[in-house]
Structures are given as C-alpha cells and as structure tokens.
Amino acid sequence: MPDALPPHAEVPPGKVAHAGLFLRRWLANPLQMGSVVPSSPTLCRRIAALTSQGPGEYVLELGAGTGVLSRALLERGVPPERLIVVEIVPEMAAHLRRVLPGVRVVQGDAFDLPGCLPPEARGRIGTAICGIPLVLLPLERQRRFLASLEAVAPGLGFLLYSYCITSPLPWRRLGLSARREAWTPRNFPPASVWRYTPQ
50 MPDALPPHAE
60 VPPGKVAHAG
70 LFLRRWLANP
80 LQMGSVVPSS
90 PTLCRRIAAL
100 TSQGPGEYVL
110 ELGAGTGVLS
120 RALLERGVPP
130 ERLIVVEIVP
140 EMAAHLRRVL
150 PGVRVVQGDA
160 FDLPGCLPPE
170 ARGRIGTAIC
180 GIPLVLLPLE
190 RQRRFLASLE
200 AVAPGLGFLL
210 YSYCITSPLP
220 WRRLGLSARR
230 EAWTPRNFPP
240 ASVWRYTPQ
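To convert, note that position 177 of the sequence shown is 226 in my numbering; the numbers rise steadily by one, no gaps.
Worth flagging that the hints you see were computed from the coordinates, not collected in a lab. Treat the hints with caution; some may be incorrect.
Unchecked claim - For each label pair, taking beta carbons as the anchor points, the in silico distance ranges come out as: (1) 187 <-> 246: 18 to 28 angstroms; (2) 234 <-> 161: 31 to 41 angstroms; (3) 212 <-> 143: 24 to 34 angstroms; (4) 188 <-> 126: 29 to 39 angstroms; (5) 163 <-> 128: 20 to 30 angstroms; (6) 184 <-> 104: 29 to 39 angstroms; (7) 248 <-> 139: 29 to 39 angstroms; (8) 126 <-> 224: 29 to 39 angstroms.
The model shown is predicted, which means the values in this text are computed figures rather than measured ones. The C-beta atom is built at its ideal place from N, Cα and C for all residues, glycine as well.
Model the full assembly from the supplied sequences, consistent with the hints where possible.
Next comes the structure, spelled out in structure tokens:
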C-alpha cells in the first residue's frame with residue numbers, strides 16, 4: 050500500500066546514499082540492483098534536469114534504491130508531495146521513508162503499478178524514471194514493465210539510466226522510439242540516460 054511520509058527532521062544529503070545497505074541488497078539480488086554502487090551526483094543531476102511536470106502532475110521514480118536520485122529531484126525543485134518513489138525491497142523502502150521527508154514512498158512492484166500507485170496519480174505522471182536494470186531481463190519481462198507503466202501513464206514513456214554503450218532495450222521489438230539524452234563518464238561505471246516513448 051502507498052504510504053505518505055509523516056514530517057521528520059531533515060536528513061543531510063550525505064546520509065541518503067547508505068552504501069552498506071546498497072551493497073547488501075546488491076549481494077542479495079544483483080538483478081534487482083544492476084550496480085554495486087549508488088549512482089553518482091553527476092548522473093543524478095543529469096537525470097533530474099531531464100524531468101518535467103505540469104500543474105498537478107507527479108514525478109515517478111521506479112527502483113529508488115537508497116534515494117540518491119530522489120534527493121537530486123528534490124534539489125531540482127520537484128515538490129516532495131509530487132514525487133512518488135517505488136521500491137520493492139522492504140528494507141530499502143523503510144530507509145527511503147526515513148531520508149525523504151514528505152515524499153510518497155511506495156513499497157511495491159514496478160511491474161504492477163496499477164496495483165500499487167495511489168489512484169490520484171494515475172494518468173497524471175509528468176515524468177517516469179526507471180532505475181531497474183531492464184537490460185538484464187528477458188523480452189517478456191520488459192514487455193510486462195511497459196504494460197504496467199502504460200496502464201498508469203498512457204503514451205508517456207520513461208527515462209532509463211544504464212551503463213550500456215548502446216540502447217539497453219531492443220526498442221524496435223518493444224514498439225518504442227529511443228533517444229540517448231545524456232552521457233556522463235563521471236559515474237562508476239560511465240552511464241547514459243535514454244528516453245523511450247511508445248511509437
């Protein structure tokens with residue numbers, strides 16, 4: 050079920066990237082995490098700069114991890130009450146609730162967004178950002194992800210950050226258009242940001 054954070058004391062930005070927690074989750078399930086370390090501040094700022102939202106719209110972050118990108122989105126000006134982060138791992142979701150005051154943290158499955166997003170957000174997503182390593186998943190799982198997102202944000206598409214040099218998704222087979230929006234060597238490993246939209 051979606052949970053709104055009660056007011057808490059502000060957590061310093063350095064406390065967001067809980068490296069030990071991130072590493073433990075990566076060791077437990079590398080396919081969920083995709084990287085052994087959190088995204089760099091440079092990559093997070095690049096992604097945040099590509100987001101947009103109209104009046105009454107939300108920014109949706111899927112696979113929020115320890116919240117480093119979430120913090121960059123807030124610093125970019127996304128109001129906390131307009132940011133929804135989805136994280137499937139209970140321990141990570143609990144961490145996010147502690148470090149992201151006012152943000153809607155949903156412990157749920159990005160492959161079942163109709164079942165976990167708050168009703169008021171459906172059809173009112175300005176930008177969706179995916180931190181899930183979709184490149185590691187079979188085609189049918191990738192299609193399931195697209196169907197899940199399309200059910201709550203028809204026609205929107207999403208931003209995907211990846212460590213692949215070329216498109217991490219077989220976009221033609223998935224019925225998408227693809228554009229690399231950003232690349233930064235100041236990340237370990239170097240990363241790209243791709244924008245995928247339904248054709």
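Now for the hints, and whether the structure bears them out:
1. 187 <-> 246: 18 to 28 angstroms: Given about 22 angstroms between the Cβ atoms, the range holds.
2. 234 <-> 161: 31 to 41 angstroms: About 36 angstroms separates the Cβ atoms of residue 234 and residue 161, which means 31 to 41 angstroms holds.
3. 212 <-> 143: 24 to 34 angstroms: holds, 27 angstroms
4. 188 <-> 126: 29 to 39 angstroms: The hinted range 29 to 39 angstroms holds for residue 188 and residue 126, with Cβ atoms some 37 angstroms apart.
5. 163 <-> 128: 20 to 30 angstroms: Hint holds: Cβ distance 24 angstroms, inside 20 to 30 angstroms.
6. 184 <-> 104: 29 to 39 angstroms: Holds, since residue 184 and residue 104 (Cβ atoms, about 34 angstroms apart) stay within the stated range.
7. 248 <-> 139: 29 to 39 angstroms: holds, 37 angstroms
8. 126 <-> 224: 29 to 39 angstroms: holds, 33 angstroms
The structure agrees with every numbered hint stated previously.
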